[in-house]
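K.L.:
Protein chains in written order, with my numbering: chain Y, 564 to 703; chain A, 564 to 703; chain X, 564 to 703.
It should be emphasised that the hints constitute simulated quantities derived from the structure, not laboratory data.
The model shown is predicted, which means the values in this text are computed figures rather than measured ones.
A pair counts as met if it fits within one copy or between any two copies, since identical chains are not told apart.
Pairs of lysine to any residue, SDA-like flavour, derived with a Cα cap of 25 Å: (1) K572 x L594; (2) K576 x I675; (3) K572 x R587; (4) K572 x W679; (5) K572 x R692; (6) K576 x A629; (7) K576 x R587; (8) K576 x T689; (9) K633 x A645.
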Amino acid sequence: MPIETHDIKVDTKGNTDILDLTPRLIEVLNLSELSTGLAGMFVIGSTAGLTTVEYEPGLVNHDLRACFEKIAPEDGEYQHEATWHDDNGHSHIRASLIGPSLTVPFTNGQPILGTWQQIVLIDFDTRQRQRRVVVQLVGE
Amino acid sequence: MPIETHDIKVDTKGNTDILDLTPRLIEVLNLSELSTGLAGMFVIGSTAGLTTVEYEPGLVNHDLRACFEKIAPEDGEYQHEATWHDDNGHSHIRASLIGPSLTVPFTNGQPILGTWQQIVLIDFDTRQRQRRVVVQLVGE
Amino acid sequence: MPIETHDIKVDTKGNTDILDLTPRLIEVLNLSELSTGLAGMFVIGSTAGLTTVEYEPGLVNHDLRACFEKIAPEDGEYQHEATWHDDNGHSHIRASLIGPSLTVPFTNGQPILGTWQQIVLIDFDTRQRQRRVVVQLVGE
Chain Y
564 MPIETHDIKV DTKGNTDILD LTPRLIEVLN LSELSTGLAG MFVIGSTAGL TTVEYEPGLV
624 NHDLRACFEK IAPEDGEYQH EATWHDDNGH SHIRASLIGP SLTVPFTNGQ PILGTWQQIV
684 LIDFDTRQRQ RRVVVQLVGE
Chain A
564 MPIETHDIKV DTKGNTDILD LTPRLIEVLN LSELSTGLAG MFVIGSTAGL TTVEYEPGLV
624 NHDLRACFEK IAPEDGEYQH EATWHDDNGH SHIRASLIGP SLTVPFTNGQ PILGTWQQIV
684 LIDFDTRQRQ RRVVVQLVGE
Chain X
564 MPIETHDIKV DTKGNTDILD LTPRLIEVLN LSELSTGLAG MFVIGSTAGL TTVEYEPGLV
624 NHDLRACFEK IAPEDGEYQH EATWHDDNGH SHIRASLIGP SLTVPFTNGQ PILGTWQQIV
684 LIDFDTRQRQ RRVVVQLVGE
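Isolated chain Y, as found in the complex:
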C-alpha cells in the first residue's frame, strides 16, 4: 500500500510558543496525489506537542499558557534540571501531557476541521528551535 511521507519544518520562539500548522498541512495536501484519507502527524522531540485549538490571541497568547503554568510551573522544582543542569523540566512535562501525535482526516484534498479549529504545534522548550513534524498520508 502506498504511503506518502512529508516533512513540515517550522521555526519557533520556544517558551510555549503556539504555531498554527493548518496552512502547512494544506500545502502538503496540495503536493499530494491523494485526495481522501488520514494524515498522521508526529512532532520530533520531547519538548513539543500537537493538538487543536481556536487560534485567536486570547487563548493562544494567554489562556493556554496560564493553564500550562499552573499544571507544570516554569520555576517549579524538577529533578530533571538538578540532574542535567538544565532549565526545561516543565517543558518535558507539558509535552508529555499533550502528546506528540495527531491524526487528521482529509477529503477532496482538504483537512476536515471545525470553522474555529486549527492544528497547532506547541513548543514548550526554553529557547528558539527549528521543529520537524512528520506527516504521513494514507488514502486514495
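Got chain Y sorted already, so can you dock chains A and X onto it with the hints?
P.N.:
Same frame as chain Y, but now just chains A and X:
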C-alpha cells in the same frame, strides 16, 4: 488504497457531558467491508475531545468533571471570554488538553478494547451541541 | 490493503510505572515486511496511557509522577472508589488525560523519533499488571 470515511453524529448536553461512542463505532464497523484495521476518529470543533474511560457513573458524572474543574475552572478568568464576550474559555483549554483524535484497532469487525474501557466524546462547550466525529477505516 | 497487527506485552509495577517501549516497537518493525509507514499503538485497559518522554530517571521516577499527583492525587476523593470499593480513581483520571493511542511514523524499518524522545507506557493502576499494546502497521 481504499479508505472508508464515515460520520458519527451525536447530540450532547454540553458542560463536560461524556458520551459513550463505543456502540456507535461498532455500528460503523458493521456497515464496513473491512474486518481488520485501524479506525482514525476525529471530533470536529475546538471545544470537545476524544479519549477512553471506564464508563461508570462515578467517573463520568463526578470524578472526571472534578479534575477538569481543577485544571481549568469554569469561573476562571480567560482572555478568550474578555475578547469575544463568550463564556467558554475553560471549554477550549480542556478540549486542547484531551485532544480531538484517537486511533482504535479492530479485528473481526470489532474494536479491540479492555473490558472496562469505552471510547468517549467529552463535550466541554457551555451549551447543547450536535457533534460530528469523522471515522476513517484503513485495513482489509 | 494489507495491515499488520502485532502485540506487545509488558509486565508493569503499576503506581505510575513508566516503561520505555521503543525497543519493543523496533522488535515489531524487525519482524515486519513493511519498511515505511505509520504505527498505530493502542494500550488495552482504562488505567494506562501512551505518550513520549525523554527517558531519564529524573523525569521518569520523579517529575512526571509529581505532576500526576498534583493533577489527580492518589489519596483524593473519588466517587469511583466509593461506588466500587476500589482504590484506583486517580489511575482512571490520569489515564483518560494521557489517552490510550499514539501514532508513530517509521522509515527504513526504524521509528522516527528525536534523540531524547522515547515511546512510553504509563501504568497508573495500583497493582502489578500485564499490559497489552496493540501495534498496527500500515505502509509499504
